[in-house]
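**Student:** Residue strings, one per chain:
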Amino acid sequence: MTDQRSQAEIVRQSLKRRYRKERRFRAYGVLAIAIALGALLTLFTDIIGKGYTGFMKTTITMDVQLDGEMMYLDDPTDERQIKMADFVEPLIQALIKEIPGATEEQRNQVRELINPYASVALRDALKANPEWLGTTQTMTFLSHTDVDVYVKHAGDAAYSIKLNDQQKAWVDELQERGVIETSFNDVFFSGGDSRDPSKAGILGAIVGSLLTMFVTLILSFPIGVAAAIYLEEFAPQNKFTDFIEVNINNLAAVPSIIFGLLGLAVFINLFGMPRSVPVVGGLVLTLMTLPTIIISSRAAIKSVPPSIREAAEGIGASKMQVVLHHVLPLAMPGMLTGSIIGMAQALGETAPLLLIGMVAFIVDVPDGFFDSATVLPVQVFLWAGSPELAFIERASAAIMVLLTFLISMNALAIWMRKRLERRW
Amino acid sequence: MKLNKALATAALAGSVAAMSAPAMARDTISIVGSSTVYPFATVVAERFGTKTDFSTPKLESTGSGGGMKLFCQGIGTQHPDITNASRRMKTSEFELCQSNGVTDITEFRIGSDGIVIASSKNAENLELTLEQLFLALGSKVPVNGEWVANPNKNWSDVDSSLPNKPIRVMGPPPTSGTRDSFNELALAAGCDELPEAADLSKDEHASICESVREDGAFIEAGENDNLIVQKLIGDTNMYGVFGYSFLEENADRLQAATLNGMVPTAEAIAADEYPVARSLFFYVKKAHIGVVPGIKEYVDEFISNAAMGPNGYLKDVGLIVPPRDALMDLMDKAEGMRNLTLDELK
Numbered sequence: 001m002t003d004q005r006s007q008a009e010i011v012r013q014s015l016k017r018r019y020r021k022e023r024r025f026r027a028y029g030v031l032a033i034a035i036a037l038g039a040l041l042t043l044f045t046d047i048i049g050k051g052y053t054g055f056m057k058t059t060i061t062m063d064v065q066l067d068g069e070m071m072y073l074d075d076p077t078d079e080r081q082i083k084m085a086d087f088v089e090p091l092i093q094a095l096i097k098e099i100p101g102a103t104e105e106q107r108n109q110v111r112e113l114i115n116p117y118a119s120v121a122l123r124d125a126l127k128a129n130p131e132w133l134g135t136t137q138t139m140t141f142l143s144h145t146d147v148d149v150y151v152k153h154a155g156d157a158a159y160s161i162k163l164n165d166q167q168k169a170w171v172d173e174l175q176e177r178g179v180i181e182t183s184f185n186d187v188f189f190s191g192g193d194s195r196d197p198s199k200a201g202i203l204g205a206i207v208g209s210l211l212t213m214f215v216t217l218i219l220s221f222p223i224g225v226a227a228a229i230y231l232e233e234f235a236p237q238n239k240f241t242d243f244i245e246v247n248i249n250n251l252a253a254v255p256s257i258i259f260g261l262l263g264l265a266v267f268i269n270l271f272g273m274p275r276s277v278p279v280v281g282g283l284v285l286t287l288m289t290l291p292t293i294i295i296s297s298r299a300a301i302k303s304v305p306p307s308i309r310e311a312a313e314g315i316g317a318s319k320m321q322v323v324l325h326h327v328l329p330l331a332m333p334g335m336l337t338g339s340i341i342g343m344a345q346a347l348g349e350t351a352p353l354l355l356i357g358m359v360a361f362i363v364d365v366p367d368g369f370f371d372s373a374t375v376l377p378v379q380v381f382l383w384a385g386s387p388e389l390a391f392i393e394r395a396s397a398a399i400m401v402l403l404t405f406l407i408s409m410n411a412l413a414i415w416m417r418k419r420l421e422r423r424w
Numbered sequence: 425m426k427l428n429k430a431l432a433t434a435a436l437a438g439s440v441a442a443m444s445a446p447a448m449a450r451d452t453i454s455i456v457g458s459s460t461v462y463p464f465a466t467v468v469a470e471r472f473g474t475k476t477d478f479s480t481p482k483l484e485s486t487g488s489g490g491g492m493k494l495f496c497q498g499i500g501t502q503h504p505d506i507t508n509a510s511r512r513m514k515t516s517e518f519e520l521c522q523s524n525g526v527t528d529i530t531e532f533r534i535g536s537d538g539i540v541i542a543s544s545k546n547a548e549n550l551e552l553t554l555e556q557l558f559l560a561l562g563s564k565v566p567v568n569g570e571w572v573a574n575p576n577k578n579w580s581d582v583d584s585s586l587p588n589k590p591i592r593v594m595g596p597p598p599t600s601g602t603r604d605s606f607n608e609l610a611l612a613a614g615c616d617e618l619p620e621a622a623d624l625s626k627d628e629h630a631s632i633c634e635s636v637r638e639d640g641a642f643i644e645a646g647e648n649d650n651l652i653v654q655k656l657i658g659d660t661n662m663y664g665v666f667g668y669s670f671l672e673e674n675a676d677r678l679q680a681a682t683l684n685g686m687v688p689t690a691e692a693i694a695a696d697e698y699p700v701a702r703s704l705f706f707y708v709k710k711a712h713i714g715v716v717p718g719i720k721e722y723v724d725e726f727i728s729n730a731a732m733g734p735n736g737y738l739k740d741v742g743l744i745v746p747p748r749d750a751l752m753d754l755m756d757k758a759e760g761m762r763n764l765t766l767d768e769l770k
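Here the protein sequences come in this chain order: U and V. When we follow our numbering, the leftmost residue of the first sequence carries the number 1, and every step to the right adds one. When we follow our numbering, the leftmost residue of the second sequence carries the number 425, and every step to the right adds one.
It should be emphasised that the hints constitute simulated quantities derived from the structure, not laboratory data. What you are looking at is a predicted structure, and each value in this text was computed from that prediction instead of being measured. For glycine and all other residues, C-beta sits at the position ideal for the given N, C-alpha and C. Incorrect hints may appear among the rest.
[To be verified] Using 20 Å as the maximum straight-line C-alpha spacing, the simulated SDA-like pairs for lysine to any residue come out as follows:
(1) U:168 to V:675
(2) V:475 to U:197
(3) V:475 to V:739
(4) U:162 to V:650
(5) V:655 to U:381
(6) U:97 to U:69
(7) V:655 to U:69
[Unchecked claim] Simulated restraints on C-beta separations:
(8) V:590 to U:247: 48 to 54 Å
(9) U:45 to V:762: 31 to 37 Å
(10) V:597 to U:84: 45 to 51 Å
(11) V:619 to U:45: 53 to 59 Å
(12) V:519 to U:75: 50 to 56 Å
(13) V:676 to U:108: 46 to 52 Å
(14) V:729 to U:65: 24 to 30 Å
(15) U:104 to V:696: 49 to 55 Å
(16) U:70 to V:676: 31 to 37 Å
(17) V:651 to U:367: 34 to 40 Å
(18) U:299 to V:519: 53 to 59 Å
(19) U:74 to V:597: 28 to 34 Å
[As the list claims (entries may be wrong)] Example chain V residues on the side facing chain U (calculated, C-beta under 10 Å, incomplete):
(20) 452
(21) 465
(22) 471
(23) 483
(24) 486
(25) 497
(26) 499
(27) 501
(28) 608
(29) 673
(30) 677
(31) 681
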């Protein structure tokens, strides 16, 4: 009797300690999640805080007098004349007219407010509309990057303002009158790279990424799935297949730069394929994602219950029919999820692309698999290393675009798993 | 079965074709090389692309050495047409080129770049001699005639005129061309001013005079110079080593240390008066002219007055442009496309 009571006593005594232990353990868990979320939040606030201004452009709207004499141009359809015409002068004159008090002597200071590529825009507009010659048109041009930085970041210690006091006063006034405005930066989404931050766009990198990912997908998915099916369903269990299995797992852990070296040696040096093209990038990333896809596809095949196979075999299906008609459709959601995650990983990769020349300054938006191209993370890398401060916000904005892609790909994977996965 | 056979044949044919793929025709100029020249060459490439009907050249920043290796790999459109360098071609690289059939090369010296030691405007500015710089950053310094691991902790340990603050300098990693130039032009030059350096053998000279201390006083900051700039602004005890263009871009927040009494200005660097200045180059593969369209026109654009003249757009991005007569020489060179010879490099 006393013995029993004492045992209950022991339990009661230790109970408090055990509860405490459990509470502590839970607190550790909460803390771990808080740290992870905190890190993520810091990352996002930093990127969004730095980068949201990258989605805005600063423009100057003014009445440009397209005087043929001033531009040395009397026939805008004549290529020779276009080449030798002066498209800067009308812009300077138009802006001087907008600024009361600005004189002809200050033309250089006025010129420094206009984007150096505005004259190219004017040239192209005239080429497209030759009838504009001799008229006055209200046109909108990008401002100079220094103006852009001043308008967005005056007073921000991270940026240096390169305008002088006179120019600052002008810009303030023009902004008040609505001549200088900020609006959504469509240039960022419609152009290729540029060394002028105001003109730099991300479309080239997006298209490059899509082309590269397409090559990666159409190669790695069928090869990965076929390899997984063979290893899981047909291959005999012996030392050789064990060896292959170990090596696939090893390959999944090989640093990606090694695949870049392999790509350089095999695709470029041996096969003589061109540098910097999406095909080679896709091939290299295929090598990198293959192990991930094979491993996840094998896991998906393994999770198909044996009863399905046995039932199919029981009614006389051949091995191939069992696999193609029953196992594969049921394993497909898992395979797709694994592939999407592998693709998302490949989308964020820069290191292997460095060696095959996809880390490059490419202005033209690629229009084929054999056109020089770069990819989104490379664009971020290149902008982050540029001396121009205005590229900081472009780099952060590009990170946001890249993250949007990654998050949507992962969301798609989760949605597919939820939607298609069969539970047994 | 028939289908499978057809597929297998197609796959085989495809792989054979890939194996023997001849060099594909290319209509975009391919440029590789120095990351120091990259910001200038990209601006030229972009202007060239908008001005002419040729497509915009493609530029890879591979470093000077990496660029030379790719450039000298051979003739054919899978190899680059032009390589940029922040130093002159080495004789070994020239020989590599020759042995791979790249015999006709034209060299263009396009201007200069200076390496500066900068700090925040709120920090105490340094006035250094190259000798003091070596004593502060060299891995081994002479103490009583013996070469020992650098004992100097504070700048004032090097010379009493310098601030009594710990030596902390951020700079580029050994893979960078800027670091090579810094070691060679700043440290080795400072080392040579020490009387003890005269007794060093050639090997000892290379290992002692051109190496940076590794005890934490010199901090390697990766290739991203913007990062160094950010650090300097936040920390007034820190000094940073980088290219002149980054100093110019942040001129309102950074100041540069004087070296041997010289302030790094564009004029002083162009005139070679500032001691840590180097020349920038690009090399053209003549065999590709006429094969890849636009090479000659690109060269013309690069050396034009609009780009490299005293009011040129390359000046706006921080290139220290050559004087007028050097520019005229470049133009003559571009017209004749004279071959580089081994003797010139020796």
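**Student:** A separate judgement is required for each hint: does it hold in the structure or not?
**Tutor:** Each hint, compared with the structure:
For a cut-off of 20 Å, the pair hint linking residue 168 of chain U to residue 675 of chain V stands: about 18 Å separates their Cα positions. Taken as a hint, the residue 475 of chain V and residue 197 of chain U pair is honoured in the structure, with Cα atoms around 19 Å apart against an allowance of 20 Å. Straight-line distance between C-alpha atoms of residue 475 of chain V and residue 739 of chain V comes to about 19 Å, which keeps the hinted pair within the 20 Å bound. Taking the CA atoms of residue 162 of chain U and residue 650 of chain V, the gap is near 17 Å; set against the 20 Å cutoff, the hint holds.
Simply put, residue 655 of chain V and residue 381 of chain U have alpha-carbon atoms about 19 Å apart, close enough for the 20 Å limit, and the pair holds. Distance check on the hinted pair: residue 97 of chain U and residue 69 of chain U sit about 18 Å apart at the alpha-carbon level, within 20 Å; holds. Straight-line distance between C-alpha atoms of residue 655 of chain V and residue 69 of chain U comes to about 53 Å, which puts the hinted pair past the 20 Å bound. Range check, residue 590 of chain V to residue 247 of chain U: Cβ separation about 51 Å, and the 48 to 54 Å hint holds.
The beta-carbon spacing between residue 45 of chain U and residue 762 of chain V, approximately 57 Å, falls outside the hinted interval of 31 to 37 Å. Distance hint for residue 597 of chain V and residue 84 of chain U: a CB-CB separation of about 48 Å, consistent with the stated range 45 to 51 Å. The hint said 53 to 59 Å for the Cβ distance between residue 619 of chain V and residue 45 of chain U, and at roughly 57 Å that hint holds. Checked against the hint of 50 to 56 Å, the C-beta distance between residue 519 of chain V and residue 75 of chain U comes to roughly 55 Å, which is consistent with it.
In this structure the hint that residue 676 of chain V and residue 108 of chain U lie 46 to 52 Å apart at CB is violated, the actual value being about 20 Å. Between residue 729 of chain V and residue 65 of chain U the beta carbon distance is about 29 Å. The supplied range of 24 to 30 Å therefore holds. Checking the proposed 49 to 55 Å range against residue 104 of chain U and residue 696 of chain V shows it is violated: the Cβ atoms sit about 39 Å from each other. In this structure, residue 70 of chain U and residue 676 of chain V meet the distance hint of 31 to 37 Å, their C-beta atoms being roughly 36 Å apart.
Range check, residue 651 of chain V to residue 367 of chain U: about 35 Å between beta-carbon atoms, so the 34 to 40 Å window is met. A hinted range of 53 to 59 Å holds for the C-beta pair residue 299 of chain U and residue 519 of chain V, which are about 54 Å apart. Between residue 74 of chain U and residue 597 of chain V the Cβ separation comes to about 57 Å, which falls outside the hinted range of 28 to 34 Å. The restraint placing residue 452 of chain V at the interface with chain U holds, with a minimum CB-CB distance near 6 Å, inside the 10 Å limit.
Contact between residue 465 of chain V and chain U, as hinted, is supported at the beta carbon level, the nearest pair being about 8 Å apart and thus within 10 Å. The closest approach between the C-beta of residue 471 of chain V and any C-beta of chain U is roughly 9 Å, which is under the 10 Å cut-off, so the hint is satisfied. Look at residue 483 of chain V: its Cβ gets to within about 4 Å of chain U, closer than 10 Å, so that hint holds up. Given the 10 Å rule on beta carbons, the hint for residue 486 of chain V holds: about 8 Å separates it from the nearest Cβ of chain U.
The beta carbon of residue 497 of chain V comes within 8 Å of a beta carbon in chain U, closer than 10 Å, and the hint placing it at the interface holds. Taken as an interface hint, residue 499 of chain V does not check out: its beta carbon lies about 13 Å from the nearest beta carbon of chain U, beyond 10 Å. Taking 10 Å as the C-beta contact cut-off toward chain U, the hint placing residue 501 of chain V at the interface holds, the least distance being around 7 Å. With a cut of 10 Å, the hint placing residue 608 of chain V at the interface with chain U is violated, because the nearest CB-to-CB distance is about 23 Å.
Here the hint on residue 673 of chain V is kept, as its CB sits about 5 Å from the closest CB of chain U, short of 10 Å. Here the hint on residue 677 of chain V is kept, as its CB sits about 6 Å from the closest CB of chain U, short of 10 Å. The interface hint given for residue 681 of chain V is broken, as the beta carbon of that residue sits about 20 Å from the closest beta carbon of chain U, more than 10 Å.
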